[in-house]
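Number of protein chains: 4
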Amino acid sequence: MSSGSGKSVCVVIGVGPGNGAALVGKFAMAGYRVAMIARSPDTLAELEVHFADAKGYVCDVADAEGLNTALAAIERDEGPVEVLVYNAGKGLWGDALEVSAQDFEASWRVNCFGAYNAARVVLPGMIERGAGNIVFIGATASRRGGAKAVGFAAAKAAQRSLAESLARAFGPKGIHVSLIVVDGIVAEPFMLERFKDRPRDFFVEPIDIAGMALMLVNQPRSTWSFELEARPFGEIW
Amino acid sequence: MSSGSGKSVCVVIGVGPGNGAALVGKFAMAGYRVAMIARSPDTLAELEVHFADAKGYVCDVADAEGLNTALAAIERDEGPVEVLVYNAGKGLWGDALEVSAQDFEASWRVNCFGAYNAARVVLPGMIERGAGNIVFIGATASRRGGAKAVGFAAAKAAQRSLAESLARAFGPKGIHVSLIVVDGIVAEPFMLERFKDRPRDFFVEPIDIAGMALMLVNQPRSTWSFELEARPFGEIW
Amino acid sequence: MSSGSGKSVCVVIGVGPGNGAALVGKFAMAGYRVAMIARSPDTLAELEVHFADAKGYVCDVADAEGLNTALAAIERDEGPVEVLVYNAGKGLWGDALEVSAQDFEASWRVNCFGAYNAARVVLPGMIERGAGNIVFIGATASRRGGAKAVGFAAAKAAQRSLAESLARAFGPKGIHVSLIVVDGIVAEPFMLERFKDRPRDFFVEPIDIAGMALMLVNQPRSTWSFELEARPFGEIW
Amino acid sequence: MSSGSGKSVCVVIGVGPGNGAALVGKFAMAGYRVAMIARSPDTLAELEVHFADAKGYVCDVADAEGLNTALAAIERDEGPVEVLVYNAGKGLWGDALEVSAQDFEASWRVNCFGAYNAARVVLPGMIERGAGNIVFIGATASRRGGAKAVGFAAAKAAQRSLAESLARAFGPKGIHVSLIVVDGIVAEPFMLERFKDRPRDFFVEPIDIAGMALMLVNQPRSTWSFELEARPFGEIW
Chain A
554 MSSGSGKSVC
564 VVIGVGPGNG
574 AALVGKFAMA
584 GYRVAMIARS
594 PDTLAELEVH
604 FADAKGYVCD
614 VADAEGLNTA
624 LAAIERDEGP
634 VEVLVYNAGK
644 GLWGDALEVS
654 AQDFEASWRV
664 NCFGAYNAAR
674 VVLPGMIERG
684 AGNIVFIGAT
694 ASRRGGAKAV
704 GFAAAKAAQR
714 SLAESLARAF
724 GPKGIHVSLI
734 VVDGIVAEPF
744 MLERFKDRPR
754 DFFVEPIDIA
764 GMALMLVNQP
774 RSTWSFELEA
784 RPFGEIW
Chain B
554 MSSGSGKSVC
564 VVIGVGPGNG
574 AALVGKFAMA
584 GYRVAMIARS
594 PDTLAELEVH
604 FADAKGYVCD
614 VADAEGLNTA
624 LAAIERDEGP
634 VEVLVYNAGK
644 GLWGDALEVS
654 AQDFEASWRV
664 NCFGAYNAAR
674 VVLPGMIERG
684 AGNIVFIGAT
694 ASRRGGAKAV
704 GFAAAKAAQR
714 SLAESLARAF
724 GPKGIHVSLI
734 VVDGIVAEPF
744 MLERFKDRPR
754 DFFVEPIDIA
764 GMALMLVNQP
774 RSTWSFELEA
784 RPFGEIW
Chain C
554 MSSGSGKSVC
564 VVIGVGPGNG
574 AALVGKFAMA
584 GYRVAMIARS
594 PDTLAELEVH
604 FADAKGYVCD
614 VADAEGLNTA
624 LAAIERDEGP
634 VEVLVYNAGK
644 GLWGDALEVS
654 AQDFEASWRV
664 NCFGAYNAAR
674 VVLPGMIERG
684 AGNIVFIGAT
694 ASRRGGAKAV
704 GFAAAKAAQR
714 SLAESLARAF
724 GPKGIHVSLI
734 VVDGIVAEPF
744 MLERFKDRPR
754 DFFVEPIDIA
764 GMALMLVNQP
774 RSTWSFELEA
784 RPFGEIW
Chain D
554 MSSGSGKSVC
564 VVIGVGPGNG
574 AALVGKFAMA
584 GYRVAMIARS
594 PDTLAELEVH
604 FADAKGYVCD
614 VADAEGLNTA
624 LAAIERDEGP
634 VEVLVYNAGK
644 GLWGDALEVS
654 AQDFEASWRV
664 NCFGAYNAAR
674 VVLPGMIERG
684 AGNIVFIGAT
694 ASRRGGAKAV
704 GFAAAKAAQR
714 SLAESLARAF
724 GPKGIHVSLI
734 VVDGIVAEPF
744 MLERFKDRPR
754 DFFVEPIDIA
764 GMALMLVNQP
774 RSTWSFELEA
784 RPFGEIW
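Those protein sequences? They're chains A, B, C and D, same order as listed.
According to the working numbering, numbering within the first sequence proceeds without interruption in unit steps and concludes at 790.
According to the working numbering, numbering within the second sequence proceeds without interruption in unit steps and concludes at 790.
According to the working numbering, numbering within the third sequence proceeds without interruption in unit steps and concludes at 790.
According to the working numbering, numbering within the fourth sequence proceeds without interruption in unit steps and concludes at 790.
Where hints are given, some of them may not hold.
Note that the list lumps identical chains together, so a pair holds whenever it fits in one copy or between two copies.
[Unchecked claim] Pairs of lysine to any residue, SDA-like flavour, derived with a Cα cap of 20 Å:
1) K608 x T622
2) K701 x V674
3) K726 x G647
4) K726 x F755
5) K701 x I789
6) K560 x G678
7) K701 x W790
8) K726 x G787
9) K726 x E788
10) K726 x R751
11) K726 x L650
12) K560 x G632
13) K726 x M582
14) K726 x R753
15) K608 x A659
16) K726 x P752
17) K701 x E601
18) K726 x I738
19) K560 x N621
20) K726 x W790
21) K726 x I789
Hint data in this document are derived by calculation from the structure and do not stem from the laboratory.
Okay, chain A solo, but in the shape it has when bound (with noise of 0.2 Å):
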């Protein structure tokens, strides 16, 4: 039990080999305990062995029920969540008659209806103490829809519309609610392989984008920012 360690206590929502394993390892480094939620237990256990003070806890963000039991778990075991980085959601490529209905409903159950379901379980408690953090991880696709993207793009637009509904409500509250829009190729083993004749920095770095996380979850309460790209230099946008 780390409830007595005295630790901050932040949970990241979709712990896969980019962008989630980094987010676990800058928020360790940086102090937190870090409790990691992902579907499968494997990047999970590589994971805990490799940082001391992460723990995960295995469940699918399209269950509504399985999370809300894995955050209670979490608040239970861990302590109060001060900070929750939702980082859950891949992409969904093709328009209206190549996405089924059901991948349709899948993306918006893991991009949008997920976040929606972990917020309602750690507001109470960051209301309570008037402190708290919620960071998305948005896409280039929170912003605008795409021939090839229209599930995708739904979703990420829900889950802009979602997080910035949760600022406007609960800023005042001093929760600060804020959104990444990764607006590029992230540095993953898959994209580094299908596009590996570009250069390393076409690419986003997944530490980078933790790195971005943990300086919105620092920002100070005068200057809170709610949305920003995460966009590498050679971009063309």
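Based on these hints, arrange chains B, C and D on the given structure of chain A.
Relative to chain A, chains B, C and D alone:
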């Protein structure tokens, strides 16, 4: 059976006493055969009496299968759908601790998922014919989140992104997708009662929303609009 | 002197062989007395021959004093201006090291400052009458900067913000201010020649821009639009 | 002569008692040699006393020639400019009939044209070195027009579009251009007096704006931000 009528078919999804009824009337008067979809048969029955060219189909847009069945019946009975107006969706107010997860999901289901499912039914025929119109009825919340609009805004933002993705994907195939951002209080019975101290020109008139939808459907292919506001002259924005 | 004609007066600022000429024709056919402003008298003379109800006034919109004088002459000779369409402004391409400070300033002067000066002349009368229309002809660059559009985009963004400020300030006084975002290549002689390998329906038709402007002018006060695109169906956006 | 100091040079344009002074202090403390540009020599002299590494250059940013001369003197005396922070520009309030054409133009000249001219001086060196930072200090009005902000909003929108065009054009050449949208009342003497009934945490702290500018300058090239808000936690937006 009206498929022999030679009239173009317009489907209005979400028919109540406000914009829905006005849309039915406007398109019927413009020479369309109008198929109306609503949950309750009452408004439909009344409108069928007023407009010989309007026919009601009862279904709940939140029920994907029911919606698909109704649209299939319409295409079989009335003929190919040339115009789809998606007017379903009502407001949902409250912050994340006031709006239940069930209502949050229901709002998405009515405002976004139903539209996605409906579009998927009518698009193949439109693509085959190289022509068609899909008009979404949006709201102020389509563009931004709000402290007390977390569920409605997330759903309407998803709908807007869906509309934009459809417009981008299928515009070059001759299908015009557009979004009317209703930025004001609609003069429907409930709102007229609630804001009864306001002059009539405080409100958005349903018949003018309907006129705007018809205008969009008639826009020449050289100058299509994707998104435009319907805002009363005195609105503070 | 035509002030006795009983016709409403529409001023079109920026009259060349593309949108300007089409706007003049469209409003003249719709029953307006049209005052045309352009730098060169040639197009004006030609249009005066075609449209008995159009009269040319030569001035450079970048010259504030000249513009004020021309508009004063119009109000004296033709009667109160009920519709102002601001179509002046041409593209300016290049990055910050390619566009001179002189051209950067000139672009702002034509696209934004001229519009401001013109609005200031016609607004008092419109406010007094509690009615009036100002339509701005914008461009893709009204909404976003571009690597090679530094001067044009800064000027068009300023124009868009000016239009929005006017709409907010004077809407409640009965004055409808709107912006057409032309998102495509206009079918004017120069562009038709430059893109001569494209089919005709690749282009934005000036007459359809003019139709959109007239539609905006005729919008009922219950559902005014501020901003809408004019985009050819095949445009990739 | 400090060009032998080995320190990087940061130019802060628009130095008054609020954000300007804080920017000077922040960058001086971070190890930069800071060149300060302001119209009045008073603040400059005071800051020179406080910060050994800050040197004042008197000029009016609205005077293009004077600005070019000052920047040339800085590059000659201090060394190549690695960071340019453009903080010039003050509010201008009123609608189109309340703001004179002179003030409307002056606002554009200070907020946009001065920035353009300054960027044109420092960009060639930055391109040659493949690195550099330009930070714009924007405002709520950068994003939207307002009934009583016609001049300020048009000027700030032009500045934002300029910044975006620069970011797109020169990002791939290693130059990071960014925009801080200050969405709140800055805690400078005049505003502290005007809103003296408000608690201190109602305000945006200049030192935090300066910290945000320094953070942007230090962002890794893998995750550059273009635009982000500086908004006090309690702000209603």
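Hint-by-hint comparison with the structure:
For a Cα distance limit of 20 Å, the shortest separation of K608 from T622 inside one copy, 15 Å, qualifies, whereas the shortest one across copies, 48 Å, does not. Taking CA atoms no more than 20 Å apart as the test, K701 paired with V674 passes between copies only; the shortest distance there is 18 Å, against 34 Å inside one copy. Proximity of K726 and G647 under a CA criterion of 20 Å is satisfied inter-copy only: 16 Å between copies versus 40 Å inside one chain copy. Taking the shortest Cα distances, K726 and F755 sit within 20 Å of each other only across copies (13 Å), while inside one copy they are farther apart (39 Å).
For a Cα distance limit of 20 Å, the shortest separation of K701 from I789 qualifies both inside one copy, at 18 Å, and across copies, at 12 Å. Taking identical chains as interchangeable, the C-alpha atoms of K560 and G678 lie at most 20 Å apart only when both belong to the same chain, with a minimum of 16 Å there against 47 Å between chains. Taking identical chains as interchangeable, the C-alpha atoms of K701 and W790 lie at most 20 Å apart whether they share a chain (17 Å) or sit on different chains (12 Å). Taking the shortest alpha-carbon separations for K726 and G787, only the inter-copy value of 8 Å comes in at or below 20 Å, while the best intra-copy value is 39 Å.
Taking identical chains as interchangeable, the C-alpha atoms of K726 and E788 lie at most 20 Å apart only when they sit on different chains, with a minimum of 11 Å there against 37 Å within one chain. Taking the shortest alpha-carbon separations for K726 and R751, only the inter-copy value of 17 Å comes in at or below 20 Å, while the best intra-copy value is 45 Å. Proximity of K726 to L650 under the C-alpha cut-off of 20 Å is restricted to the inter-copy arrangement: shortest distance 13 Å between copies versus 44 Å within a copy. In this assembly of identical chains, the alpha carbons of K560 and G632 lie at most 20 Å apart only when taken from the same copy (9 Å versus 46 Å across copies).
Taking identical chains as interchangeable, the C-alpha atoms of K726 and M582 are never at most 20 Å apart, the minima being 28 Å within one chain and 33 Å between chains. Proximity of K726 to R753 under the C-alpha cut-off of 20 Å is restricted to the inter-copy arrangement: shortest distance 16 Å between copies versus 42 Å within a copy. When the C-alpha separation of K608 and A659 is checked against a cutoff of 20 Å, the pair qualifies neither within a copy, at 26 Å, nor between copies, at 34 Å. For the homomeric pair K726 and P752, the shortest alpha-carbon distance between copies (15 Å) is at most 20 Å, but the shortest distance inside one copy (44 Å) is not.
Taking the shortest Cα distances, K701 and E601 never come within 20 Å of each other, neither inside one copy (37 Å) nor across copies (39 Å). For a Cα distance limit of 20 Å, the shortest separation of K726 from I738 across copies, 19 Å, qualifies, whereas the shortest one inside one copy, 35 Å, does not. Taking CA atoms no more than 20 Å apart as the test, K560 paired with N621 passes in neither setting, with 22 Å inside one copy and 53 Å between copies. Proximity of K726 to W790 under the C-alpha cut-off of 20 Å is restricted to the inter-copy arrangement: shortest distance 14 Å between copies versus 36 Å within a copy.
Taking the shortest alpha-carbon separations for K726 and I789, only the inter-copy value of 12 Å comes in at or below 20 Å, while the best intra-copy value is 38 Å.
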